[in-house]
Amino acid sequence: MTKQIYDFIIIGSGASGGVMAHRLTQAGANCLMLEAGQDLGPKTYPSNEMRANAQLMWGGGTDFTTDAKTILLRGKVVGGGTIINQCLLDRFDNIALDDWADRSGIKDFSVEGMSSHYDTAESLISLHQYQRQDFNRNAQLYADSFDNCGYKWDYLRRGESNCGGLCDSGQGRKNDCIVCLGGCPRKSKQSSAVTSLARARAQGLELRANFEVDGIIHGKSQVVVHGTQNGEPQVVYARRLIMAAGALGSSKILLKSGMKNKLPALGERFFCHPQYMSIGFMQDPVDAHKGALQSVKSTDPRFRQQGFKLENVFAGPIALAMLKDGFGTNHHKFMKRYRNMACIEVSVRDEEPGTIRINNSGKLVVNKPTDGADAAKAAAGNHVVDELLASMGCYETMQSRLQIGLHLMGGCAIGENASKSVVQPNFQVYGHENIYMADGGIYPSAPGINPSLTIMAMSHKAADSILAEVGHEFPKPAKKIHSLKEVS
Amino acid sequence: MDYPHSQYLSYAALKGLSKVGDVVLPGEPYDSNGFPSFSQTGCIHHVDEVLVTTAPDDVKALNILLAILGFLPAIVTKWLLQLSSLEEHAPGFLGMGLRLIGVALRGVPISLYYSNLTHPSYQGKTVYEVMDYQVHCEPDY
Numbered sequence: 001m002t003k004q005i006y007d008f009i010i011i012g013s014g015a016s017g018g019v020m021a022h023r024l025t026q027a028g029a030n031c032l033m034l035e036a037g038q039d040l041g042p043k044t045y046p047s048n049e050m051r052a053n054a055q056l057m058w059g060g061g062t063d064f065t066t067d068a069k070t071i072l073l074r075g076k077v078v079g080g081g082t083i084i085n086q087c088l089l090d091r092f093d094n095i096a097l098d099d100w101a102d103r104s105g106i107k108d109f110s111v112e113g114m115s116s117h118y119d120t121a122e123s124l125i126s127l128h129q130y131q132r133q134d135f136n137r138n139a140q141l142y143a144d145s146f147d148n149c150g151y152k153w154d155y156l157r158r159g160e161s162n163c164g165g166l167c168d169s170g171q172g173r174k175n176d177c178i179v180c181l182g183g184c185p186r187k188s189k190q191s192s193a194v195t196s197l198a199r200a201r202a203q204g205l206e207l208r209a210n211f212e213v214d215g216i217i218h219g220k221s222q223v224v225v226h227g228t229q230n231g232e233p234q235v236v237y238a239r240r241l242i243m244a245a246g247a248l249g250s251s252k253i254l255l256k257s258g259m260k261n262k263l264p265a266l267g268e269r270f271f272c273h274p275q276y277m278s279i280g281f282m283q284d285p286v287d288a289h290k291g292a293l294q295s296v297k298s299t300d301p302r303f304r305q306q307g308f309k310l311e312n313v314f315a316g317p318i319a320l321a322m323l324k325d326g327f328g329t330n331h332h333k334f335m336k337r338y339r340n341m342a343c344i345e346v347s348v349r350d351e352e353p354g355t356i357r358i359n360n361s362g363k364l365v366v367n368k369p370t371d372g373a374d375a376a377k378a379a380a381g382n383h384v385v386d387e388l389l390a391s392m393g394c395y396e397t398m399q400s401r402l403q404i405g406l407h408l409m410g411g412c413a414i415g416e417n418a419s420k421s422v423v424q425p426n427f428q429v430y431g432h433e434n435i436y437m438a439d440g441g442i443y444p445s446a447p448g449i450n451p452s453l454t455i456m457a458m459s460h461k462a463a464d465s466i467l468a469e470v471g472h473e474f475p476k477p478a479k480k481i482h483s484l485k486e487v488s
Numbered sequence: 001m002d003y004p005h006s007q008y009l010s011y012a013a014l015k016g017l018s019k020v021g022d023v024v025l026p027g028e029p030y031d032s033n034g035f036p037s038f039s040q041t042g043c044i045h046h047v048d049e050v051l052v053t054t055a056p057d058d059v060k061a062l063n064i065l066l067a068i069l070g071f072l073p074a075i076v077t078k079w080l081l082q083l084s085s086l087e088e089h090a091p092g093f094l095g096m097g098l099r100l101i102g103v104a105l106r107g108v109p110i111s112l113y114y115s116n117l118t119h120p121s122y123q124g125k126t127v128y129e130v131m132d133y134q135v136h137c138e139p140d141y
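Residue numbers (our numbering), protein chains in the order written: chain A, 1 to 488; chain B, 1 to 141.
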């Protein structure tokens with residue numbers, strides 16, 4: 001039997017993989033996407049929090065750093081991290097991009113240089129900002145307390161298209177976005193599964209779910225990818241490979257493939273925007289789990305300068321119970337007041353890099369120090385949170401000691417210096433000319449801003465760069481971009 | 001107590017999980033907040049759904065830990081949980097070890113209990129009813 005050789009194999013189906021697949025299939029390339037998780041959708045996402053954790057996340061959402069201080073959450077489902085996040089889509093500012101330009105030596109990293117790629121990424125998704133009258137009470141309390149304390153805030157930009165409007169009473173949203181953390185059953189949240197990936201599939205993308213990659217073998221004219229699908233060994237071939245499995249996933253595969261010797265920066269400079277949730281108890285119900293879960297953010301330049309930001313956020317019962325330490329009747333007393341909880345989160349722009357390694361069993365080992373300068377940033381943020389919760393009138397507060405890492409970045413930094421980087425400015429992996437990468441793994445530092453939109457924009461930029469180089473090889477470019485309606 | 005058949009946990013470990021679960025999440029008369037106990041809800045019958053993605057090495061370690069705690073008095077579990085809460089003040093490896101004990105002892109019971117899943121025969125108030133937790137998201141398909 002003749003082996004099939006694809007133009008591209010794309011490993012990972014999240015923010016980067018979806019965009020890459022869309023652009024490459026649009027150009028007529030024959031693409032195969034490999035995703036370790038299941039191919040679920042709006043009708044099949046689990047509605048139960050425990051089942052969602054188990055079915056949509058690596059390790060059931062219980063992967064920790066080596067010091068067991070930070071829990072690392074990453075999607076394992078078609079759509080990757082875009083299925084389990086809140087789809088908050090902001091552009092990076094000069095502070096973040098100038099730092100990238102300095103560290104990588106790539107001058108294109110600027111607000112102006114990235115502008116057209118952000119435009120393209122945004123043109124393929126629906127964006128929405130909730131206004132004050134649409135806020136749930138947690139967001140109202142957040143905005144009021146910021147105003148009272150003299151801090152600046154703004155509306156978050158959310159990727160969503162149709163969350164069902166207001167309740168019949170006109171008070172609050174009809175649907176509760178906390179459900180979207182386990183996959184959106186309304187095709188509203190603009191995950192890659194309902195946007196770029198849906199278009200790519202309509203344009204001929206072949207997708208194999210439940211395919212866990214064990215390693216890759218790089219040759220001059222071909223890349224071999226081996227792994228298991230539904231427990232069965234599989235080998236697939238392509239002329240070029242796109243790594244889009246995220247900071248931890250892509251790093252793990254490259255490490256398991258023995259590339260650390262040739263790529264000394266592989267697995268170095270890992271960042272995760274450590275997040276710290278604080279709860280304040282109000283006398284009356286807050287119902288932070290109702291309506292739009294996240295709709296406001298801090299924009300105070302003093303916070304940006306100090307290296308943290310604050311968001312209104314909340315979590316389901318299992319996550320909240322894990323954040324509260326202790327046990328027994330005190331724990332029950334805490335959870336009984338779930339509806340009375342106001343919640344603010346500190347997200348730190350971390351500067352202490354971590355490392356990504358694999359142990360003898362091939363298991364990820366992530367070391368992420370958070371004790372030095374980053375601890376000081378967290379303390380400064382939590383000090384402001386205490387002030388805000390007091391301003392709301394909270395009669396008791398709880399600051400979680402468990403840190404959450406949802407924005408997983410680095411490990412395969414992009415840059416002009418081969419000894420300090422894994423990926424070249426043209427998105428090729430150093431020394432491996434037919435392997436490309438543009439996911440969160442290439443981030444040279446933590447931006448302090450939600451990374452999803454920039455991953456999409458960078459993937460557009462990378463796909464343009466790849467197509468400029470090899471696009472002439474594909475005979476049948478797709479005639480048009482499919483609209484969301486056509487592919488849904 | 002009726003224990004489920006599990007692909008991942010031995011009978012001894014299931015007994016231990018039930019005992020640990022009731023220390024972490026007690027019901028009346030040990031709790032006055034109106035919650036049922038871990039074992040009353042029968043959520044342990046869904047244990048395999050939690051452990052399906054757990055690494056085999058971790059499942060093995062959990063089996064050993066739970067089986068040992070199943071044989072020891074509940075006060076030992078309480079002592080371990082209290083000890084784990086001191087992690088913040090413990091240095092390096094000791095702190096890490098205490099945090100891991102806390103995660104191991106609390107993680108599975110909390111996931112099962114706050115999933116609101118019960119044994120089919122359970123008739124009492126559910127955990128979500130006690131919390132008055134309801135969410136709504138109308139599918140549009």
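Certain hints may be false.
[Said to hold, decoys possible] Cut-off 16 Å, straight-line C-alpha distance, at most; resulting in silico cross-link-like pairs (EDC-like, lysine to aspartate or glutamate):
{"id": "1", "chain 1": "A", "residue 1": "Lys336", "chain 2": "B", "residue 2": "Glu138"}
{"id": "2", "chain 1": "A", "residue 1": "Lys324", "chain 2": "B", "residue 2": "Glu88"}
{"id": "3", "chain 1": "A", "residue 1": "Lys363", "chain 2": "A", "residue 2": "Asp214"}
{"id": "4", "chain 1": "A", "residue 1": "Lys220", "chain 2": "A", "residue 2": "Glu396"}
{"id": "5", "chain 1": "A", "residue 1": "Lys324", "chain 2": "A", "residue 2": "Glu232"}
{"id": "6", "chain 1": "A", "residue 1": "Lys336", "chain 2": "B", "residue 2": "Asp31"}
{"id": "7", "chain 1": "A", "residue 1": "Lys43", "chain 2": "B", "residue 2": "Asp57"}
{"id": "8", "chain 1": "A", "residue 1": "Lys336", "chain 2": "B", "residue 2": "Asp140"}
{"id": "9", "chain 1": "A", "residue 1": "Lys174", "chain 2": "A", "residue 2": "Asp93"}
{"id": "10", "chain 1": "A", "residue 1": "Lys43", "chain 2": "B", "residue 2": "Asp132"}
{"id": "11", "chain 1": "A", "residue 1": "Lys333", "chain 2": "B", "residue 2": "Glu28"}
{"id": "12", "chain 1": "A", "residue 1": "Lys174", "chain 2": "B", "residue 2": "Asp140"}
{"id": "13", "chain 1": "A", "residue 1": "Lys336", "chain 2": "A", "residue 2": "Glu396"}
{"id": "14", "chain 1": "A", "residue 1": "Lys174", "chain 2": "B", "residue 2": "Glu138"}
{"id": "15", "chain 1": "A", "residue 1": "Lys333", "chain 2": "B", "residue 2": "Asp57"}
{"id": "16", "chain 1": "A", "residue 1": "Lys363", "chain 2": "A", "residue 2": "Asp144"}
{"id": "17", "chain 1": "A", "residue 1": "Lys256", "chain 2": "A", "residue 2": "Asp287"}
{"id": "18", "chain 1": "A", "residue 1": "Lys262", "chain 2": "A", "residue 2": "Asp99"}
{"id": "19", "chain 1": "A", "residue 1": "Lys333", "chain 2": "B", "residue 2": "Asp31"}
{"id": "20", "chain 1": "A", "residue 1": "Lys107", "chain 2": "A", "residue 2": "Asp93"}
{"id": "21", "chain 1": "B", "residue 1": "Lys125", "chain 2": "B", "residue 2": "Asp57"}
{"id": "22", "chain 1": "B", "residue 1": "Lys78", "chain 2": "A", "residue 2": "Asp325"}
{"id": "23", "chain 1": "A", "residue 1": "Lys336", "chain 2": "B", "residue 2": "Glu49"}
{"id": "24", "chain 1": "A", "residue 1": "Lys333", "chain 2": "B", "residue 2": "Asp132"}
{"id": "25", "chain 1": "A", "residue 1": "Lys363", "chain 2": "B", "residue 2": "Asp132"}
Rather than coming from a laboratory, the hints here were simulated on the basis of the structure.
Only a predicted model underlies this, so the values are computations on that prediction, with no experimental measurement involved.
The hints, checked one at a time:
| no. | hint | in the structure |
| --- | --- | --- |
| 1 | Lys336/A / Glu138/B | violated (26 Å) |
| 2 | Lys324/A / Glu88/B | holds (14 Å) |
| 3 | Lys363/A / Asp214/A | holds (11 Å) |
| 4 | Lys220/A / Glu396/A | violated (63 Å) |
| 5 | Lys324/A / Glu232/A | violated (41 Å) |
| 6 | Lys336/A / Asp31/B | holds (12 Å) |
| 7 | Lys43/A / Asp57/B | violated (34 Å) |
| 8 | Lys336/A / Asp140/B | violated (32 Å) |
| 9 | Lys174/A / Asp93/A | violated (34 Å) |
| 10 | Lys43/A / Asp132/B | violated (26 Å) |
| 11 | Lys333/A / Glu28/B | holds (13 Å) |
| 12 | Lys174/A / Asp140/B | holds (13 Å) |
| 13 | Lys336/A / Glu396/A | holds (14 Å) |
| 14 | Lys174/A / Glu138/B | holds (8 Å) |
| 15 | Lys333/A / Asp57/B | violated (34 Å) |
| 16 | Lys363/A / Asp144/A | violated (46 Å) |
| 17 | Lys256/A / Asp287/A | violated (45 Å) |
| 18 | Lys262/A / Asp99/A | violated (26 Å) |
| 19 | Lys333/A / Asp31/B | holds (9 Å) |
| 20 | Lys107/A / Asp93/A | holds (15 Å) |
| 21 | Lys125/B / Asp57/B | violated (36 Å) |
| 22 | Lys78/B / Asp325/A | holds (13 Å) |
| 23 | Lys336/A / Glu49/B | violated (25 Å) |
| 24 | Lys333/A / Asp132/B | holds (14 Å) |
| 25 | Lys363/A / Asp132/B | violated (40 Å) |
Comparing the model with each earlier hint shows violations of hints 1, 4, 5, 7, 8, 9, 10, 15, 16, 17, 18, 21, 23 and 25; every other hint is respected.
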